[in-house]
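Combine both chains into one complex, guided by the hints.
So the sequences go chain by chain: A and B.
Going by the working numbering, the first sequence opens with residue 1, and the numbers climb by one from there.
Going by the working numbering, the second sequence opens with residue 1, and the numbers climb by one from there.
If you are wondering where the hints come from, they were derived from the structure by calculation, not from laboratory data.
Bear in mind the structure is a predicted one, so any value in this text is a computation, not a measurement.
Cβ-to-Cβ under 10 Å is the rule here; a few derived chain B residues that face chain A:
| id | residue |
| --- | --- |
| 1 | 8 |
| 2 | 56 |
| 3 | 59 |
| 4 | 85 |
| 5 | 87 |
| 6 | 256 |
| 7 | 259 |
Derived list of chain A stretches under chain B, where covered just means 3 residues or more per stretch with a C-beta under 8 Å from a C-beta of chain B:
| id | segment |
| --- | --- |
| 8 | 34 to 40 |
| 9 | 157 to 163 |
We treat Cβ as the ideally placed atom computed from N, Cα and C, and that holds for glycine.
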Amino acid sequence: MKFQVNNNEVYASTGGRPFDKNKPLIIFVHGSGLTHMTWVLQTRYFAFHGYSVLALDMPGHGLSGGKSLKSIEDMADWVSDVIDAVGYKEASLVGHSQGCLVTVECTARNPDKIKTLSLMGGAGAIPMNPELLSLAENNNPKAVELMMDWAHGPAGHFGGHPVPGLYHINTGSMLAKTRTIKNTLGVDFRACDNYKNGFEAAKQIKIPTLSILATDDKMCPVKEGKKLANLIEGSQIDIIDNCGHMMLLEEADRVLNVLKKFITTNYPANK
Amino acid sequence: MSDKKGMDPKTYKFDTLSLHAGYQPHKNAGSRQVPIYQTTSYLFDDVDHAAALFNLERGGHIYSRISNPTVAVLEERVASLEGGTAALATSSGMSAIFLAVMTLCEAGDHLVVSSQLYGGTVNLFRLTLPKFGIKTTFVKPRDTEGFKKAIQKNTKGIFGELVGNPGNEIMNMPEVAKIAHDAGIPLMVDATYQTPYLCKPIEHGADIVVHSLTKWMAGHGSSMAGIIVEGGKFDWMQNDKFPTMTQPYEGYHGLSFAEEFGPTAFTMKARAEGMRDFGPCLSPQNAWNVLQGIETLSVRMKKHCENAEKMVEYLLGHESVAWVSHPSVPDHPDHDLASKLLPNGKGSMIAFGIKGGKAAGEAFINNVKLASHLANVGDTRTLVIHPASATHSQMDEATLKFAGLSHDMIRLSVGIEDIDDIKNDFENGFRAARKPRLVSNQ
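Just chain B, with the same shape it has in the complex (with noise of 0.2 Å):
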């Protein structure tokens, strides 16, 4: 400890954890990749072994519903790249919001949701979730003292996304974190849009981050993923307000998760309840797919970013377009905030609005040929969607006007091919959308 070298840490950063963190070949046979363990369960070296594990008294593996090394290699990997304590990787990004909002919320409980999300995700807390008891309250993101305002006593989180789906709004996390650390409750952000690379929101107050690492993290479109975060510096014995977190716990012997494990306890919950019970698990062969990556997740953030900042100046200048929101745009509200939580690039969501209104946005939609029209976002190639027909069509029409939706709007999910050949395929949506009616006859 004397040693007078070396006064700054030496521990790894954000690119060599991409590629190394949660991993270590020398215990995997030397393999210099990541194993995929396609196994169901793991032998017990005897009795007491087996015990030793249901009871949480060593670390290790059971059954893949509850832990993979594969997918463990996953969760200590993101954890570490989000400067948490400790993550749960699950099948999809709704699994990850799903099994968060159980871990956290009982029957009676009541949640304080930004009102620009995801559409499924406004569906989960708007419609499922009351099924089981747990009511939300929907605030504007913009509407920073609407979240102080909706907090009741029987609340027990803010959730919301960083930047909304798909209006690119972008909530004060600082702010509304302090919010919900005043009244005793954790802040959970939905950062799929961001990826650590753009923001750690640890870093900025949220005690839970959630992820689709089905998008950008995973970034190739081929596998679906969800990941539980836990930040560890939420006190949950500060109050009354978790006894799941903090009382006995029949379910494993009488267990006070947060007493036994302090800043992992959230995760320690969501895996020995919420995967045992719901079992939302990540298959090993989707979590290596993930993996592969992630181990280029700054490389390809960093294209994404910058074409997506082309493509905001091409559609500004462009006569097919009636408004373009990104918060890399001047004039966009929350250009301010996002220069101040999202340093790195401001991501490569877009929507715009395309003049001639819904057949005008059929049109384009119709007529694109490199850009793919689907519903996923996040993609290395360029996807286009028409929300209000598609992604939010379950909504009525007050619930989409809440959500900040039009009719005119394409959400734009920019790629990283050449910017030219992007544009150029624009060139061909905005020409058939000026004609909509002859093109929707050929």
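Excised from the complex, chain A in its bound form (with noise of 0.2 Å):
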């Protein structure tokens, strides 16, 4: 669906259900440079069980108006609008990559707020290569070519995708290539980069946190998703063998399944 956060458009999925203000309200953040067209495997599940799902577009990616944010905190901000702007007062938010960063944030910015976070490959701090970086902020497309390849984990680079007949890897660089590289990746990656308040935003975190991690994820290693978790208080932490960062692709059952468990218990949708 389509609706307005500060005078900018915004493109959301719904999970295939229509928008229903009276069920409890997941929200699901992307990572750097992609569309909320990751999130499939989650989100129509919650959307066809009692809950309203907006996975969201980013400003300035995939199907969402305006220009994308510089900074995590602009994003963090950004997210809270979008709670206000479809009317409620509260939800539970899921975030990968990018998206934890951004998530944690909102959630320290907004403590009653935000009910549950979910966090999926995430880490306290994304310092990102140099190299990597100029690459994307020049507009090269060996920048989505190196993030497809660190990003995917064997089931990535073999195959065995949990839906019949797609294949990982060019799917995510397709994602990835939506709009302008330097104007989705290139923004995303040095506002990854200059964001310093991960690790004091989680001290201040008090909600249900769950983090999903992989042992095979070369861009948030499975240390630095502990290191994050560990400092917000009765976190929970589920590590997949085998996978890659991403993991709510290459493992999107077993994902959907944990967080299924998490949500419906902490934040459950006959409230």
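So this is what it looks like as structure tokens:
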């Protein structure tokens, strides 16, 4: 569905069901340079099981209007604005990679508004390789190729997509090339590199939090994810073997099962 | 992410993907070879799991008409080799074309189609699709501007074979792709003759690629199969031409394929709607057979092309041959374009005219022994046929002429036998062709 936030049009997938303000809201926040489509194997389930879902295209990404936001802090405030814009007072947040930085910061800034936090491939900081950052900022498609290489584990490189017939790396590449690379990936990478408040923000979080990490994640290794999770009181950790950074697609079923149990327990649909 | 090593992507390359893509042994009991999942259906964990699969909430298999784990390995493998986002395997190349068209079009729609096609494909567009309300304007493949002129308001795509069957005319794919994209419609290319070893149409602007996998991809003349590969670049939401891709679909609770699946939307729709409703599914055994062929694709294609170039040289110098058409011939009208689009080889299909016309052609075909006279192409073995009396025999004179066919034409699919044995066999055929009446009385 499309709606306005700060005078810009926003697109969000509602998981294939009409948006219903009477149901609890789950917001999904994608990673650097990507779009709402990375969440398709999680969003549809929740949308069909009692939740209202918004898998956002961040400003300037996918089908959303406006320009890409330049800092994680601005993105965090924007997610909070989304909650207001759709007429909710609270929501559950799910983030992937850069989306983890955004949702951690958003939760720390809005302790009463965010009810649960789910992090996939998260870390307290995501410093960028300078060469990769430069490639992205200079609109070089090699930045996407490198990201897809590093972001995928065995399933991505060999295959075995949960959806029959889909090939991970090429699909991911196309998602990252939906818009101009320097205006999406370049801006996002710079925002990640500049963000320094992740660990401090994590210490302020007091809500139920889940971290899903993967053993073959080269972008945000398990040890970095654990460092972040351990700063959040009562945080749960689930580690997936033989899986890379794109666990929400590479091991979509496992991720959905863990996420389902966590969210339905801590933010039930029938509340 | 701050690791400074390896600033070149380490993603697997063509030959490695030919052997490994789409499959992980540790998820299949350690079986090194891809298992053949000879089953119709798959257990659901519970009612909720079943509903989730039917609603496309989860990935997975329901029923082998829709998808099958062995077939899925083949689909991923071909998608990886073509540089596509997704693929859907079908029971034959013709069912792949039909399914692709039916996924793209509705009654009242129109297509612009290259006139140089396999005879069955011509009949599909000319005679069968009009029964579904889908009309076609044919354009000669070298008439690039003709594709542009033929586009109408209700045109939903351009379709062509990169190298036309059987005359070897080459469609200028990058330019035709631009024409299609300027009109907001996709380009569909049948790349059966090339395989991704010789050309990846997606890299040259194609949006949807179809193959008869029966041919060089499987390569051994054992199994029928087809596939649709999606490039993932085409923006279905750029205009209002594709409501079945962009608008809520009643068949899946109001799902918009383009919004939900973006770069894989076409494949998702072809599977969810097309395989469900038409059902031209590929058997797991045939998928496995094709996978065996793909493992040696680059090795075979090199030999096919090497033998083809030697046969071109042989035919060009032969007294019984009136003309030879192959993109490797320097005076072939599309030689330069072929060199650009087919840098790894110009393929192993040769068309040549035999002196003496139809009678000589029949005598030649009746007297070669090593070369097989049959309706297939792309076998490891050398194959010959006289198109005017076989593959294109359902066409009338005018259509034959428009398709670039003549009665003296022999279509040759060069195999990977020893080249001297192929030439010796052809000598027997030509000898008989020079005495057609005597041979036919023997």
